[in-house]
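Chains A and V are the protein sequences, given in the same order.
Using my numbering, read the first sequence as starting at 8 and increasing by one per residue.
Using my numbering, read the second sequence as starting at 2 and increasing by one per residue.
Hint data in this document are derived by calculation from the structure and do not stem from the laboratory.
Even glycine gets a Cβ: it sits at the ideal position worked out from N, Cα and C.
Wrong hints could be hidden among the right ones.
For lysine-lysine, the following DSBU-like pairs were computed, each having C-alpha atoms within a straight-line distance of at most 35 angstroms [as the list claims (entries may be wrong)]:
1) V:K72 to A:K64
2) A:K24 to A:K64
3) A:K25 to A:K64
4) A:K24 to A:K38
5) V:K72 to V:K2
6) V:K18 to V:K58
7) V:K72 to A:K38
8) V:K58 to A:K64
9) V:K18 to V:K72
10) V:K2 to V:K58
11) V:K2 to A:K64
12) A:K38 to V:K2
13) A:K64 to A:K38
14) A:K38 to V:K58
15) V:K72 to V:K58
16) A:K38 to A:K25
Derived Cβ-Cβ restraints for the label pairs, each shown as a range [stated by the list, open to error]:
17) A:L67 to V:Q10: 18 to 24 angstroms
18) A:T107 to V:T21: 21 to 27 angstroms
19) A:R16 to V:P115: 24 to 30 angstroms
20) V:T57 to A:S103: 26 to 32 angstroms
21) V:R96 to A:E70: 27 to 33 angstroms
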Amino acid sequence: EADIYQTPRYLVIGTGKKITLECSQTMGHDKMYWYQQDPGMELHLIHYSYGVNSTEKGDLSSESTVSRIRTEHFPLTLESARPSHTSQYLCASNPSERPTQYFGPGTRLTVL
Amino acid sequence: KNQVEQSPQSLIILEGKNCTLQCNYTVSPFSNLRWYKQDTGRGPVSLTIMTFSENTKSNGRYTATLDADTKQSSLHITASQLSDSASYICVVGDRGSTLGRLYFGRGTQLTVWP
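Okay, chain V solo, but in the shape it has when bound (with noise of 0.2 angstroms):
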């Protein structure tokens, strides 16, 4: 069955600090994985999207690495700011239907503290 898991389903941190958001996945066969975050009340928004050749791409201060072998992904959030209190959602998609359909994660709720 294909799913994705994210972990911790929530975390608090302190403004500047750094953090890691883990997301395992058993989606085959995989084509891309993508990191959104959504604010509360609003739709997600992109943050980055790899495909099996890459192991690792930056947006500003978020970094997802990728590892294609294992199903695993993680979302490094470095020097966090109030604005990053959001849920990231960790999607994969397949290629094994013309859909290209994605399958989503409950997201991990970050939470900055001042």
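Extracted from the complex, chain A is given alone in its bound form (with noise of 0.2 angstroms):
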């Protein structure tokens, strides 16, 4: 069973608000990942870190942001909500060694 947690599971907002999705990981994985997945579509990847300070922006443009302080934290922010927003998001990580990707619960954002 892995150790990665997402907060909110759910949230629904305003255009223009200004939210921030939590993930934590207790297992030490140095690789933390961000994607973004619709209805009955494919996980795309929008953010990934390699490490404390390290940040890279994925394969799907994306305007939320990201930052790794800590090793167990991989926050994700959008500044100004949009209903194009509207989507889940998922946190996953892996330990350097090891390929497989463990991913948390999710949050699913409604943005009206």
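Fit the two chains together into the complex; they arrive one by one in their own frames, and the hints show the way.
Structure representation (structure tokens):
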């Protein structure tokens, strides 16, 4: 059982609000990822990090930003949410020596 | 273009029956292939991971096969249970970049009826 947590699980907010999606893992994994997934569609990588103070953009362009100040914490921030940001956001992590990624439960975001 | 295609898109079977899900990919250079199970509203959970040299791997009632020559994989579920109802996602990793990026299929939605 993977120890990776995401909060909130569900979030409904109005357009223009600033939001932060939290992701934490207690496994000491170096690598962490954020994916975006729409219903019935594949996961798309939007951000990743290989360690503290390391962040990179993924394949899918996103207006969100991330930070990695601590190994266990990888929050994602949207400065001004829009309806087009409505989606499920999944956080994942893995140690450098093993490729299997462990996923959190996800945050389902709805922007009205 | 690197792609992962899964079939069928959805499948309904009766409890206790077996089923096989298919995955075809064009990812190159190939590194590994993973099968994940994703329950509704949850994050994916890893079932199996196979490298180029492996052509079968089991995890309980789940058996994955890999044919790296034809770039095909299958996931066989034996004696299905109601709890097997989920989306099964095929993921292929490449080794052509430092990231070792992953390519995700759209998943097969499996429903097991009593």
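Under the constraints set out in the numbered hints, which ones does this structure not fulfil? none
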